[in-house]
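Use the sequences and the hints to build the structure in full.
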Amino acid sequence: MAPAQQDTAVHTGRIARTFIYVVLLVFALFYLLPFFVMLVNSLKPLSEITDGNMMALPRAWTLEPWRQAWSSAQIGVQPTGLKPYFVNSLLMVVPAVAITTVLGALNGYVLTKWTFPGHRIIFGLLLFTCFIPFQIVLIPMATVLGKLGLAGSIPGLILVHCVYGIGFSTLYYRNYYAAFPTELVRAAMIDGAGFFRIFFRIMLPVSGPITVVSVIWLFTNIWNDFLFGASFGGQSQPMTVALNNLVQSSTGVKEYNVHFAGAILAALPTLVVYIVAGRYFVRGLMAGSVKG
Amino acid sequence: MGFLDIRNVTKSYGSVKVLHQVDIEVEEGEFLVLVGPSGCGKSTLLNMIAGLEGITSGDIAIKGRVVNGVHPSKRNIAMVFQSYALYPNMTVGQNMTFGLEMHGVPKAEREKALADVARLLQIENLLDRKPGQLSGGQRQRVAMGRALVRDPDVFLFDEPLSNLDAKLRVDMRTEIKKLHEKLKTTIVYVTHDQIEAMTLSTRIAVMYRGYVQQLGTPREIYDAPANVYVATFMGSPAMNVLPARVTMRDGVPHAEIAVRDGANRFLKFSQANMAAWEGREILLGIRPEAITDPDGADRNSRNIVALTNRIGVTEPAGADTYVTMELGGKDIVARMRADANVAPGADFEFAVNMDKAVAFDPETEDRIAP
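These protein sequence lines map, in sequence, to chains H and B.
Those letters in the first sequence? Residues 1 to 292, per the numbering used here, in order.
Those letters in the second sequence? Residues 1001 to 1370, per the numbering used here, in order.
Because the hints were derived from the structure by calculation, they are not lab data.
A couple of the hints might just be wrong.
Stated by the list, open to error - A few chain B residues facing chain H, derived, Cβ under 8 Å:
#: 1; residue: A1050
#: 2; residue: F1098
#: 3; residue: T1321
In this text, all values refer to a predicted model and were calculated from it rather than measured experimentally.
A virtual CB, placed ideally from N, CA and C, is assigned to each residue, including glycine.
The following block contains the structure:
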């Protein structure tokens, strides 16, 4: 026999409930429809689109637009497809996320467990970077990159994104570590562990949730960035800039199916990151914010 | 010179002085308890011994070596924290041997030390668990185990029992005491619980407002408190302190206590030297257990004084019955046998054991006699 269920739900009327679900469904459709259009049209020949059947399922299914977008579409002047730019983006985003996350974790560790006079000011200044609009730093950044000899290169882009990302990753880790019991650090000190040992053996193993948050946030932002990529990319432009060049080209036939495939390709990595790590995202956000 | 020397140690944060000239010598094998209310500086002093906080002035020496400025891990101390501070990502075994690992002790030795301590604390079956899977009492044992494995010169306990429920706390208290008697280690133990202090310690330092008010054995602290603060802090219910005047009757000093009905009560002092205070006001301290029903009075006392007074409230507590009454303008608590025939509002003849009474100077609040 099933145990008696304690009724704890607040009852909503049937009509109200139906209304809520309808509204939610409409919102879901509103967000899913564009993706549906992109997906469907990326899988049909261009002729079907130009015939005016945007919403219809393909009559002749084809992966040709995807292949073109990936390896042979005209990007700017070269018929290279998006592949090299995709690689550029990966080469930029992976080190940038890794470096920013590690530095953020170290900053958070120092700002909570090894506080020094003025640590609040330092943290405040780091936070400030979160609020500086990108456009303001374009020209100074270009000067700095030029002086460093990093202009127009992937390392240059990595540096720019690290500088911008470190404020956020520090904020995340600082709030997370603020809730981390200081007694544990003291116990480890008495046990004889030094600065880095405490970090790697005690703090980092329990930082999973906040690392997921930091990685998702940074990955999404850096991958989706257009302004820095277009400004400082030079010969190694990221995916976003290439997609723009593909879609905005003013000569030749507009190959909508290829454009759609390219757009999905550009969005895919962030989508994958969300699906793989998303359920930790909310948990991590809560852990960082509520306890901190 | 003691095993652990605290010499003229002070601590200031900016212009705020939180510890004043603390001077304590701890002998090898001693169990010193630092007790006091929150904010009295006891945890600060412990952290200074551990090396987790700097010393503003003075010296701390362990085994004759001054350790000011020496890193906590190089003082050969171990600490048990209030929250246990077990590393959540490591198993119990890893937790306990982490310190040895950090000190470069070979694996075989670590395993042996771990096995010995685990057997001593009866936690052998827990070694592969994570701290999150343990109960409060088990965590407490593991935290002590982690300290024991190191075989340090001095153990530091920072309110280790305050997170346990009442029953477990009493059990663990007994266990710590047994452990100390078995291992004869030197322990400095911080608590705000005066019963823990009394039961565990070989010596107690009562601290208040950054000063050590009194340093002595539990018996000294209880029977001969240095001042009113120590007298009322140690003991539960607290010692009764009431204003009285010293008067001579038949050449013997008495405490004359004003009562509302105008018929002042006279309690004969056991201490002849109170005569020097003739005619002056004092504060008289009498512990609740020294005011009893006549049948419950201490038969070994040489000076039981009868005192008739009206009973205010009775509080049966099972083993005893507490009676509250008014005397000298204060509410006074007396401890009766459980089946003493007391009724609220009735006049009753109490027996006061004046051997146990102490007197304080009302100006300085320091003890005058005995």
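Hint check:
Hint on A1050 of chain B holds. Least Cβ distance to chain H is approximately 6 Å, under the 8 Å limit. Hint on F1098 of chain B holds. Least Cβ distance to chain H is approximately 5 Å, under the 8 Å limit. For the restraint placing T1321 of chain B at the interface with chain H, the shortest Cβ-Cβ distance is roughly 43 Å, beyond the 8 Å limit, so the hint is violated.
Of the hints listed earlier, the one the structure fails to meet is number 3.
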